[in-house]
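Enquirer: Fit chain B to the supplied structure of chain A, relying on the hints for placement.
From first to last, the protein sequence lines stand for chains A and B. 140 is the number that the numbering used here gives to position 140 of the first sequence; each next residue is one higher, with no gaps. 111 is the number that the numbering used here gives to position 111 of the second sequence; each next residue is one higher, with no gaps.
Treat the hints with care, as some may be off.
Okay, the calculated bits of chain A under chain B, using three or more residues with CB under 8 Å as the criterion [to be verified]:
#1 34 to 48
#2 52 to 62
#3 82 to 96
#4 155 to 161
#5 195 to 205
Don't read these hints as lab results, they were simulated from the structure. Where a beta carbon is used, it is the ideal one built from N, C-alpha and C, also for glycine.
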Amino acid sequence: MTGGGVTRLGRGATRMVFDLGGLTRFGAQVADSLRRRPLRLRRLADEMFTIGVLSLSIVLLSGLLVGLVLGLQGHTTLVRFGAEDTLGAVVGLVLIRELGPVLTALLVTGRAGSAVAAEIGAMVVTEQLDGLRMMSVDPIDFVVKPKALAMVLSMPLLSALFIVMGVFGGWLVGVVFVGGDPGLYLSSLESAVRFREDIGGSLLKAFVFGVLVALISTWRGFTCRPNAAGVSAATTATVVMSSVATLIFDYFITALWRF
Amino acid sequence: MAGSGMRDLVVGLFVLAGLAALAYLSITLGGVGTGVAGGLQLVATFDEVGGLRARAPVVVGGVKIGQIETISLDEDLRARVVMDVSPDVALPTDTSASILTSGVLGDMYIALEPGAEEDLLKDGDEIDYTQSAVVLERLIGKMIQNLGASE
Numbered sequence: 001m002t003g004g005g006v007t008r009l010g011r012g013a014t015r016m017v018f019d020l021g022g023l024t025r026f027g028a029q030v031a032d033s034l035r036r037r038p039l040r041l042r043r044l045a046d047e048m049f050t051i052g053v054l055s056l057s058i059v060l061l062s063g064l065l066v067g068l069v070l071g072l073q074g075h076t077t078l079v080r081f082g083a084e085d086t087l088g089a090v091v092g093l094v095l096i097r098e099l100g101p102v103l104t105a106l107l108v109t110g111r112a113g114s115a116v117a118a119e120i121g122a123m124v125v126t127e128q129l130d131g132l133r134m135m136s137v138d139p140i141d142f143v144v145k146p147k148a149l150a151m152v153l154s155m156p157l158l159s160a161l162f163i164v165m166g167v168f169g170g171w172l173v174g175v176v177f178v179g180g181d182p183g184l185y186l187s188s189l190e191s192a193v194r195f196r197e198d199i200g201g202s203l204l205k206a207f208v209f210g211v212l213v214a215l216i217s218t219w220r221g222f223t224c225r226p227n228a229a230g231v232s233a234a235t236t237a238t239v240v241m242s243s244v245a246t247l248i249f250d251y252f253i254t255a256l257w258r259f
Numbered sequence: 001m002a003g004s005g006m007r008d009l010v011v012g013l014f015v016l017a018g019l020a021a022l023a024y025l026s027i028t029l030g031g032v033g034t035g036v037a038g039g040l041q042l043v044a045t046f047d048e049v050g051g052l053r054a055r056a057p058v059v060v061g062g063v064k065i066g067q068i069e070t071i072s073l074d075e076d077l078r079a080r081v082v083m084d085v086s087p088d089v090a091l092p093t094d095t096s097a098s099i100l101t102s103g104v105l106g107d108m109y110i111a112l113e114p115g116a117e118e119d120l121l122k123d124g125d126e127i128d129y130t131q132s133a134v135v136l137e138r139l140i141g142k143m144i145q146n147l148g149a150s151e
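Isolated chain A, as found in the complex:
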């Protein structure tokens, strides 16, 4: 029935506004805790390990493979125009401007964001967060903040490593496999990259995606329904919402960061 469809649409829209409000308020709470409470460096280092270091292998491997594919695809296409000397610029710019930050954010969402949501969700289910509150320990300060901060700090680092691995992968194909000019690969890249537009935009993206994934994953875990199905729903919602938010923000940052 159309009536039922309209009702569902309305419910979905209300739900979305409600979620956005909840996420914003949660973000404000985390920011407030960041401003008022001292950092727990011990907790931060532990979270940097589980979020940053443990995501390293998948990020490096993906970066290398993406670079190899870009090198191969780029080379076969550029050769047709006799422009294979610009392979370095093609591979590097694509990685720096788009694929580096975006793919890293998607990989970290899958690898670490889902785990963060599930972990905090399990704490909700087993009433550990209530236990913390009972001992007058603020769960946002103790559980959420180190995880969120570790995510925000790790994202630009992981993205930069992804890009370097990708450029290396493209170099492997363009120089070692098909025997291109080793100097031209890097020099075409060097003369094509501009610091503010390309590197600055890339870092800005990685930072914004880090904030998005960090807030969405911790918030989904924090507001998880206290049962097993709730944890699974929170994990799924984290991955879906973070990925979509990353891609939406990517478009707008690209559109606005151009002068």
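Expert: Same frame as chain A, but now just chain B:
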């Protein structure tokens, strides 16, 4: 905890590797502060720079000796190109500069042709003999015009 110390070390290494990657991207690729140390600033004015861009290479005999710092318009509406070249290269004052293209579709660069004078170019000097970029479209346009005229 022994495990915790090990873990901190790994986290530290991760942060260092990440920062090294960032530094590589900004310094080597992004060109932050890559002006040649104590480099020579040379100025050349062209009627037409075509697709020449900042950070394009400056070469002598095919060997890169520097890069383009800025391209701007001067008061006579000609393109003023500022180059940053290595001070180790002794360039005479009658050196000429031409804008060339690597290949048909390749990037544009500036080639310097050393002259025969005894005096050398100093920091901030202007190169007087310049040859503008060849714009392919104009060349083709002229060719078509000439063909039309000869008929």
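Enquirer: Indicate, hint by hint, whether the structure satisfies it.
Expert: Each hint, compared with the structure:
no.	hint	result
1	34 to 48	holds (count 3)
2	52 to 62	holds (count 3)
3	82 to 96	holds (count 6)
4	155 to 161	holds (count 5)
5	195 to 205	holds (count 5)
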